[in-house]
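Chain by chain, the residues:
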Amino acid sequence: MNQETNKLQPSSAQPTQYHTHISAKKRLFQLNLGEVWRYRDLIVLFTRRSFVLTYKQTVLGPAWIFLTPIITSLIYTFVFGGIAGISTDGVPTLLFYLTSNAVWNFFSSCVTQNAATFTANANVFGKVYFPRLTIPISNMLASVIQFFVQMILVAILLGYYSITGAVSPNWWGLLLIPVILLQLGVLGLGVGIIISSLTTKYRDLAILVTFGVQLWMYATPIVYPLSQLSDGLMRTILTVNPVTAPVELFRWALLGEGTILPLALILSAVLTVVVALVGVMIFNRVEKTFMDTV
Amino acid sequence: MSNPVENREVAVRLSGIKKMYKLGQIGGGTLQKDLQSWWARVRGKEDPNSIIGSEERLSGETFLALRGIDLTVYKGEALGIIGGNGAGKSTLLKLLCRVTAPTEGEIDIYGRISSMLEVGTGFHAEMTGRENVYMNGAILGMTKAEIDAKMEQIIEFSEVREFIDTPVKRYSSGMYVKLAFAVAAHLDSEILIMDEVLAVGDMAFQQKCLNRMRDAATKEGRTVLYVSHNMNTIRQLCDRCVVLDKGRIIFEGDVEEGIEHYMGTKMISESCVELTTMKRERDFALHPITMNKIWTNEGQRVIMPVGETLRLSLSFTGDRPFDDVYLRIIIKSADGTPITMCTTESGFSVDTCEKVMEMELDTTRLAPGKYTLSPVIYQVGELGNHVNLDVLRDVFSFEVTAKPGFNNNMVWLSRFWGHHYTAPLRFKLL
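If you read the sequences in order, they're chains A and B.
In terms of the numbering used here, the first sequence is residues 6 to 299.
In terms of the numbering used here, the second sequence is residues 80 to 509.
FYI, nobody ran anything at the bench for these hints, they're computed from the structure.
Each pair of labels, with its calculated beta carbon distance range:
| hint | chain 1 | residue 1 | chain 2 | residue 2 | range |
| --- | --- | --- | --- | --- | --- |
| 1 | B | Arg240 | A | Pro67 | 28 to 34 Å |
| 2 | B | Arg494 | A | Leu282 | 51 to 57 Å |
| 3 | B | Arg249 | A | Leu180 | 48 to 54 Å |
| 4 | B | Lys325 | A | His26 | 23 to 29 Å |
| 5 | A | Ala160 | B | Lys298 | 57 to 63 Å |
| 6 | B | Arg240 | A | Ala160 | 41 to 47 Å |
| 7 | B | Arg240 | A | Val57 | 21 to 27 Å |
| 8 | A | His26 | B | Ile329 | 25 to 31 Å |
| 9 | B | Asp267 | A | Ile161 | 45 to 51 Å |
Take a look, some chain A residues computed to stay more than 12 Å from chain B by CB distance:
| hint | residue |
| --- | --- |
| 10 | Ile185 |
| 11 | Gly217 |
| 12 | Ser235 |
| 13 | Met239 |
For clarity, every value in this text was computed on a predicted model and none was experimentally measured.
For each residue, glycine too, the CB sits at the ideal point set by N, CA and C.
With the rest of the complex left out, here is chain B (with noise of 0.2 Å):
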């Protein structure tokens, strides 16, 4: 990425890239047609069974998965490609993979591509994991000479030694991958493509593939392009994103911005979000206070960096005055599920007309991700039950980021960390 654009070298180039699949059941009652299509050819004529050229996603029974992409990827950058089910990812990368062939378009490719589009292509359960590595590193493109010479090192990396003479169907499915993912991680190609292949084996092998293929983007200039559609790997892999959506590019350019334009521009709100007219949920429908407005003065849209506070403000109005009203305000993770929950330790009241609170949400603890919250105004019964007088669901998301040193420099994983951290360890060598 420390080179200007114009001089970076291209390493794969695709222009107006379309892909048509036909619909419903292939063969059966398609012979005539074909037949019909091959004799149009034949004579030169036009294909009465051809739509290309049309820019309709879906028409008759055809789809098109892709839709004109134009594309350039330079040497030794790490494209991530995200974009929801069906936005034509797949798609993508089976064309660059050369599994099979674009309906218009072309694409230029410069250097040796090897793909994973899944680890293990060509593993037989009978033969040994030797044997394997060198079937697997053949299909791949590798030959013999050069499997041989970095057979100890992919041997090394797979961490399944005493096993290699073993045929493959007694491994567990993690060391299996293992080892398919060294010999692809070993591979000599230029371009290297992969589809969520690092959503398998354990954390620390998964990070050591990450470190791999970062290794092999810019230490060794070679071209990674990544699909997934887990965003962490994608911040930690890749410099640059592209966002596919229903097989058009709606987005090229930063990961941060591409992930955030994946996600939605919804799932970090403006500063400022109105509230009056919000739809409340069908059992608090009926709400005798109404929350206005929520807001924060801190720019355009509200990501933070790990260990600050938030600073929020909120508007309500009652039907008719109310004390001793309490305000809870929930944190959910942007996947829904709950953190935790704050509330206002003492009682206040609410008049019929505005009245606008400050607060501080105290988010020092939030592990880098996205949060929305989820405010209630509620009274406590006499009998300890509450009564919620207003409930919002979810209508203000924020992000916080980490910073440089937090976690000593490593993506938070909250799969496997959550989403609170705890205060650094304290610790003492004796």
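Isolated chain A (complex conformation) (with noise of 0.2 Å):
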């Protein structure tokens, strides 16, 4: 709501000089990315704080990095591929779980952890003034980190099932996963911001997040493949939502199944860009002046 500009003008005095403005009056989208870019140190120091902080006075430490997911799959592969016996289309039970595993929670973690941007910072944030959205940006490289630490598992499971000929990869897909993982991140962040930036104001999304990403999860194909459901109710609602497509296509490159569904790929970009936008457009109106509604 609020405008603010920074630039650098030349000056006799100085070399350079900053200017900011501030005004009362409103622009819905401005990022200001350069003024993001000038806190780039803060933002690794975030990112590095989160994981320094998550694991001080563990005794396990880092470890726990690789031992959450592990655990969680097993839990699946336990539960939905041993008791409920949900089909894995022919992949291993272990390596389907492992995978879906880390790409939904790059994503959930996306969303959770941006969700209480405001809500969690509000101290430092009433204090002193810098970018906002250092905060979800470094919460979204911590993601991508721990992603990427939880594809080493994937990796090396991958690797003994390729050779045994359980699994066989599209290779070539797996060039698709940087935009995938770009496009899940770009969402969750965006919903994340939208939550969080209403949560200053209204207090009962913060309870609900936590069980709405859970029941989004089973909205999702996390669990069980695309491919188990028949046509209905569900399987629309799956379609719809924006999460599915690029899941089924990551599986689809990872692990060689998976529904390629094109119109539900070019619903799930588009929806994308408008949560993004509306992201944003709603970030800029609270991060002015969230401080006296926090």
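With the hints as a guide, dock the two chains, each given alone in a separate frame, to form the complex.
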């Protein structure tokens, strides 16, 4: 709602002079990416901090990055693969769940961590100015790093199974992974900052978010492949869900099994752009004055 | 301050700044209103819930913390901002630090701003001192390379070198603050904003910080905006001051005048105070003797350099004649602490017609500061008890100011040294 501009102006006294203009005028889209870039060291520090702090005073330390997905995947293998007997389209169950888990974890941590951006950092935000966008960006970076660490596990299993011939990845499709990550990251970031912006005023959302993300996971083909669903309401919901298509594409590339729906991919891309734009718009509005309402 | 006003560079300019806050609970019932306002804005109509533009401070459910501030701060000056609680000082600083945005008006800031609204922002207990320096520095806008370059200076200034690689949760609060201030003090920003940060740390460190800020303004040409309730530090640091009251600037200019303005003009009374009609306290409502007037011939307001004697005149009348009465004058500091008392050694007589007494009050040992006088006329009873005949509290006030050379040109810190100074230490080097 407020407009701020940072520009470098030449001045006689100093080689460069910073000029900040703050006014009560509104502008919907303004990211000030230049300013965010100047604070890149802060982004690195925030990203590093989120790792360092998570594993401080733990016995196993960073090993937890590996242990958490392994345990989760084992539980999934046991519950969904073993007890429920859900098919994984011939992919070895542990590999299937590990892969799905990695990509979902990436998306969901983008959402949940960013959903708390404003409320969790209120005390810092209230005392000093720095581009607020640094926090969501560093959260996203932390999620990316975590994702790649998990992918090490996936790669090991994948290497083993492709030698035994249990899976046949679409090697060229692997090139799509950065694109998929970018899309899911932007989507997660968008959803996260929309929630965090609204949470500054309406706290109800903070309560809903954990619950909602869990529900979202089941509405996404994570613990089951999309091919297991016949046409019907569930399949329609899943197709509309913007996370479905990237996840299926991801598994198609990595595991060689997956349903590619071109229409769903386009829809997902469009939704991502819309969510990102709305997110930026709301974020811009909220970041200037949220301290008054949080 | 040496340059004439017209060719000084502007560091910060505020024009027509207003800041509105909503009163009461925010959220909950406001979603409907929010949507209503939003819809109105989308259609380009006037916001039905807006009352911006009104000059009222308190109107319905909103509160104007700042009601139109126009202020220009020049490069290289140290500006003090004073005002009572709720005057809008902190809101003003928050706007300048871009923690929140104004509801109306424009702010232009020429230069990078670093704020010390609270030292140690972003300090994390689990991280070591060094890690926190990086974190804090980056939050305040430094790059890693800049912090690396200044790390040695920061550690040196902070006086916590041996603990720098210990998690700050093991620090004492003083160490914590010192480290945090050290980071803030070594920023390269052109404008420094401080809110009472000097209230922490031991005295030597406070002095060090003040000197550092002073240098930042005078030697490095940086601009300092300082908010404090401690008038001593304002005096020491600032060369101009602004007094805020109820969201408006009520005074702008010289520091001493500003402080006086803030403390209220009553703090230093006129050179002549009418006492006859002044309300006595309930216990002394019946006073057989009436003090009529107290005055001095030393100018408009009584401000005198340290080491001088205060010459006063007092006039009084009795309901009936009294013999053998005494006068006692209690000296209190401005905050109400009794400092000392002096009394007449011999009795005098009071008559039904007005009498004037000239006196010399020994104020030569009073430290710089503001003082009030409470005169009491009394009689000593047979058993050594005293009978008060007229009692007045804090009716006359004056100020003692430091003069060049006094206390080796340091500001008198009454918080630590009291209000009374003893004769200079006599010494001989052997």
